[in-house]
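Residue numbers (numbering that gives the first Met the number 0), protein chains in the order written: chain A, 0 to 432; chain B, 0 to 432; chain C, 0 to 432; chain D, 0 to 432.
Please note that a few of the clues may not be correct.
Under the rule of at most 25 Å between Cα atoms (straight-line distance), these lysine-lysine pairs were calculated in the DSS-like manner [unchecked claim]:
#	chain 1	residue 1	chain 2	residue 2
1	C	Lys315	B	Lys96
2	C	Lys96	B	Lys315
3	C	Lys226	B	Lys226
4	A	Lys226	D	Lys226
5	D	Lys226	D	Lys315
6	A	Lys328	A	Lys315
Calculated from the structure, these hints are not laboratory results.
4 protein chains.
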Amino acid sequence: MNFIGSNSRQSTAHKPASTRETLAARYSSVRRASETLCKPLAPDDYGLQAMPDVSPAKWHLAHTSWFFKTFLLNPFFPSYGRFHPQFEYLFNSYYQKIGAPFPRAQRGLLSRPTTEEIFRYRAQVDEAMEAMFASVAEALWPEIAARVTLGCAHEEQHQELLLTDIKYNFSINPLKPAYRDDLPAPNNGANMAMSWIEQPAGVQEIGHDGNGFGFDNESPRHRVLQKSYALASRLITNGEYLAFIEAGGYRRPEYWLADGWRAVSEQAWQAPLYWEKIDGRWSLFTLGGVRVLNENEPVSHVSFYEADAYARWAGKRLPTEAEWETIAKNRKVRGNLRESGFLHPAPLMDEVHPAQLFGDVWEWTCSAYAPYPGYRPSDGALGEYNGKFMINQLVLRGGSCVTPAEHVRASYRNFFYPADRWQFSGIRLADDR
Amino acid sequence: MNFIGSNSRQSTAHKPASTRETLAARYSSVRRASETLCKPLAPDDYGLQAMPDVSPAKWHLAHTSWFFKTFLLNPFFPSYGRFHPQFEYLFNSYYQKIGAPFPRAQRGLLSRPTTEEIFRYRAQVDEAMEAMFASVAEALWPEIAARVTLGCAHEEQHQELLLTDIKYNFSINPLKPAYRDDLPAPNNGANMAMSWIEQPAGVQEIGHDGNGFGFDNESPRHRVLQKSYALASRLITNGEYLAFIEAGGYRRPEYWLADGWRAVSEQAWQAPLYWEKIDGRWSLFTLGGVRVLNENEPVSHVSFYEADAYARWAGKRLPTEAEWETIAKNRKVRGNLRESGFLHPAPLMDEVHPAQLFGDVWEWTCSAYAPYPGYRPSDGALGEYNGKFMINQLVLRGGSCVTPAEHVRASYRNFFYPADRWQFSGIRLADDR
Amino acid sequence: MNFIGSNSRQSTAHKPASTRETLAARYSSVRRASETLCKPLAPDDYGLQAMPDVSPAKWHLAHTSWFFKTFLLNPFFPSYGRFHPQFEYLFNSYYQKIGAPFPRAQRGLLSRPTTEEIFRYRAQVDEAMEAMFASVAEALWPEIAARVTLGCAHEEQHQELLLTDIKYNFSINPLKPAYRDDLPAPNNGANMAMSWIEQPAGVQEIGHDGNGFGFDNESPRHRVLQKSYALASRLITNGEYLAFIEAGGYRRPEYWLADGWRAVSEQAWQAPLYWEKIDGRWSLFTLGGVRVLNENEPVSHVSFYEADAYARWAGKRLPTEAEWETIAKNRKVRGNLRESGFLHPAPLMDEVHPAQLFGDVWEWTCSAYAPYPGYRPSDGALGEYNGKFMINQLVLRGGSCVTPAEHVRASYRNFFYPADRWQFSGIRLADDR
Amino acid sequence: MNFIGSNSRQSTAHKPASTRETLAARYSSVRRASETLCKPLAPDDYGLQAMPDVSPAKWHLAHTSWFFKTFLLNPFFPSYGRFHPQFEYLFNSYYQKIGAPFPRAQRGLLSRPTTEEIFRYRAQVDEAMEAMFASVAEALWPEIAARVTLGCAHEEQHQELLLTDIKYNFSINPLKPAYRDDLPAPNNGANMAMSWIEQPAGVQEIGHDGNGFGFDNESPRHRVLQKSYALASRLITNGEYLAFIEAGGYRRPEYWLADGWRAVSEQAWQAPLYWEKIDGRWSLFTLGGVRVLNENEPVSHVSFYEADAYARWAGKRLPTEAEWETIAKNRKVRGNLRESGFLHPAPLMDEVHPAQLFGDVWEWTCSAYAPYPGYRPSDGALGEYNGKFMINQLVLRGGSCVTPAEHVRASYRNFFYPADRWQFSGIRLADDR
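Based on the sequences and whatever the hints tell you, model everything.
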């Protein structure tokens, strides 16, 4: 396994593994959080999959349990039996070394096992995990601790997907149901001027620094040579993006990459996902239902193609991931993350420079998602976690309003295809200097 | 509206309308039956739609209520309000005159309204219908009685679809869940010889005779000129169909219509739907789960293309719908219908001639589904009930093991596309004489 | 082989076979006609296939030769060798008993054999056919004569397709090339009133009467029982069809069969094929290039769905094929056929009743293309000629402006899918009486 | 315009423009070469387009003329008229600023203009270009020279495509025609051991150095920081690739990127494009027809996914484009390029280190095709030449056996999608040190 903390190839000092109590508590807390997120759902909502990219809520609940079952209980606590012989097949996401997975696009067609059975499966896995925490030999603990840590981070990723997938699933329903009707509305904010964080040319180190957990794709830490550049002090707002739309942004091919223009044409894009013009007024579908567009909120649910076209129209460009990390790496993780409770991007409240680096929306970079120099995935099925996706996708940075705060960091690399729009993804500009 | 009993264009005598009590009782009984059929479902099952041709159980429950709401309550009992302004859109199946319906292929994506809300919708419609029965003016009663009668027949059609759709939805789940695990298994039966019912040439009358309810597509009753022919005394069995498979039936284009051969090739058909070879032995997926193939059962879940290819391989042909009705029209409706409780075709128990005309499986005819001479659909949206589907489909006759006995009759015309296989559809041969 | 003249199952008297000289002359004349039709083509045009339904001109030239090679030379004149071992595969249209054919949709991808080689192939086949005519034993002559007669009719069918396919192939080119720029323009005609040919109820005989050649699908001649009806005295004109368009015909689902409405929606039909509104004025693409719409011409290039919708809008219906044939069977074949040289439907010039039964456009009937009672295709690959297409298509009657006069007759059954529009296909109404 | 030689943003010294005579001679030579390459074609071959990615030969001939017409004659020699008003639309490849281009996938459906007309169009453009060379004002010459130079490079790119497209177009024909039957066969070669070119860590300069012509995507020249690495001394051979196939390479997902494995599964890849097992022996389709596989030839027609999977199987990786260029930049362009006349990769003849850097096959790198730091496309339609394709593609280096020698250089960046296989594309390994 190749995530930091257990990766013997890392030169950075190895931190002592979490104590069993600490890790058991984190395990329990993460597991409960998944279930809490499902509280607002009706029984009917759990099985829904409105497009191949999203998964049903019940599948997320089952797959995250499958992960602990497959990578912890099976090798280290074999006395725990199989819940059902087919679960290993049904809830395998993409680990070919475990076996050919059930087709992703058909996850929504599995009414059985029922949601109730899946909650029982979760409970059974949790019970076994607790027994394992209490009883496993000390010699196995470091590897177990590393895998549990990974499993918790994995479940947090699925918590974010659970929310973005529910949002998408609900959005296609003409009733436009709200995931929660008690979401706090952020202050309206203000239209703050954009300024630029200047960075001189030079060599920078990027990648995970070995402190705490990191995914294998953040390593090895390595040096990059950069020209001088500037990074925007804040995210692009709905109001700014609206100016692009009104300037004919979606009708003028000159702002678009060729593949982006094809996406615009074939999918008839005219605005970000979830924007809808109702009686001449732009509104947004949110996890709290339909709301009138707030021009001071960061724009969200744009594809890379749209982010790139916006930047070209604005006479700027998107940052590379190294440029982003260079600015972010010495800054504290704070912002409109999941804990703020908005579950939606929020207007900027006060002038900080740079602002909104963490939270609100994942920020598209222009960097292809590729292995860092010297990267090698680990042996075994866990080596499939990140490495095999390093093609055709782009890196996003900084977390979003549905990312848990403890989950994200400056070296964190998220990745999606350039046409993807159902994540909370937005725009921060960069420029040459 | 153009079904018999209310259709002023029909020359047959108008039968007195049911008394209010009788019809109210029938209404209530049909409505309860739909709900009883859903009893074995888990909450997770109600929303499932595994292919565009099938509908979720909850949609069937809602749409049948919508029918009474739209065609009875709205015009005749307007004091009943709308349950939700969007239900008229969401649960309209195909009545363009009511408005553009919600896309059929996306019915499974509607987690809201929830199943619970749909049961409340049903209850509210039922309450209003009962109030209407009790209070409506006598002058309106004939039209109301005619529409309620149609609405009950309509709901019975959806009860059959509800079962065939659940069967399909469950079949694609690797867990192969049973709709019911308490279904009685029929006797094994015996391999009975086939004989032929001979019919001399001549003019026959077919179509609805005006006694009792009939759909508009069964009228007008009219005369047809037939050559002499013979109709098989019973249905083709699994064992007989297996001989066709083993003779290379699915690999030899000479038995197939050109469009049928394309279906075989493109969809990689190798046996009827729901047949699966497990460890060298043929098994069937049924509403009671997976069972070993019983060679004496009538073959089911074959397309018209397969029925036609089988007939050609056997040196016979399929009957026309008039040939079928000529033999059936003076015979009593009895057989393995829904009330027998098998919910599956059953082997022939004793020698009767002809046997299995009603129940077990719908019998493919070679007749294109077309209007009878002089047919005109009624004005208004109810005219869309049958008429607009009179193209590209073939007529099937006789009802199946999931058809209520009171629903079917000799003049009943069911219709499906030639490649459809998810209904209980089978084969009876005919031959020239 | 099951076409009339050689079919021993036919009860009609067998006519003496053509003399060798007569048939050799007909063979030669038909073969030359195919080549004459290609004269206006540029070398670039021969390979074009703009949609799967059409075939390249060079493929028609090759396939018609393949037909004589496969069904005459191979069995009866084996001294003639193979031109190229792969031609049997490449130019087989759909005869599965000969072998799996080259995929239809890819015919346009065969730049080799070149057109020049295909003309050489034709010449070689012709030479061998002539040698066979001169030398074959008398005992074989009846069978040979029957097959040559069929082969000539087959080649005439491909001559018609050659013209309709070129028309389609050229139509999608923005340059809108004319197949011929020297086509005579018919007189403008006049807007003649429609009257009705009345036919009382009764039994009629339809099907081929055994005089001269007929395809197997025209047999057996048989009796049909008809209600009284009326057939329109002439075809529907562009002007009449335009009124349907202007009445919102393509926007109002109530006129359409459900499958037809889906075709309208999915394919965005707004007018017949080849109609285009240029600067506010309707024009047509013809084999002579783009022309202004002539309102007195019969409407052409409509699908069955459009013909049926027009009839419903007009308060009428389409005739059955038996109704059409009953009126046509005692009438002379004359009209705007290929020999008139217009290669386009022509306005009605004088009042005849009924007019335009033959020529101008194939007339959609509402009859599904199905076997006549007692029909059996012949043994061998020639049995695939017609029989295996008897599903999903509708019968058209009467020939068109690109049908050779000697090719068509009252019992002739053409057939196409209900959405097909690239043939010269139009509308004649019928009505109940 | 942003290619080197005219780009004022380049800091490298501006070289004096070619003299008129020299450039006119180059123009003429390049133009003649396109026509020479078409000599082996039959008239039937010119219009063929067997998949959307390839273009017909006649389209290449027309589009390259359109390029000179649009970017030279229209602005600088307006007295030259339009050949046909629609040519500007039909032969625009992708320059949206010129207007929406004719759909790429339908280029093969344009039988008109005929090949003969296109040759006349070429001649007319050439005549006008010569007149322009002779008469244009000196002040315009630098810009004109720059554009002509670009146009010649552009036409050379299409010459390469013309050959790879013909190869693909012919490959799908069951007759397997040879483009030329007189191609020289290279010596069988020998199985030479692979060694490694070692490169220490450090900063390197890559990108066009300002000497001679370069495309805009090769600039700006810039510094990159590299770890130590090694580059393989030669290309991977068919024999080596065969070992990967025989080791189950196409059946084992662990060697593949996730998107690559999907391509393998969906497209049923089992070997490189053009490999076919005939009677148990591997053969290749080449521009000279079908040949037995030569194990010593470099493997070709592999996608990036296959190259990457091979490297993973071999325990190595693909080089970055900077790693490749670092080794290549001080080496002479020589190798099996178009001038060698093989039009096919050739076995290695003698031990050179590194060998085969130029020619034989384009070498897949693992670098996403992205703008170099500071890259900005030029204003105007010519800015669409390269920049808008900088997404979703990977860089290939070194030219192939169908690349003209004068066309390629160490800084040359070719780019294709990771699933593309119809180019001469192969594999050179790299490794960490």
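For each hint, the structure was consulted:
1. C:Lys315 <-> B:Lys96: holds (21 Å)
2. C:Lys96 <-> B:Lys315: With Cα atoms ~21 Å apart, Lys96 of chain C and Lys315 of chain B stay inside 25 Å; holds.
3. C:Lys226 <-> B:Lys226: holds (19 Å)
4. A:Lys226 <-> D:Lys226: Between Lys226 of chain A and Lys226 of chain D the Cα gap is close to 19 Å, so the pair holds against 25 Å.
5. D:Lys226 <-> D:Lys315: Holds, because 16 Å separates the two Cα atoms, which is no more than 25 Å.
6. A:Lys328 <-> A:Lys315: holds (23 Å)
In summary, this structure violates none of the numbered hints.
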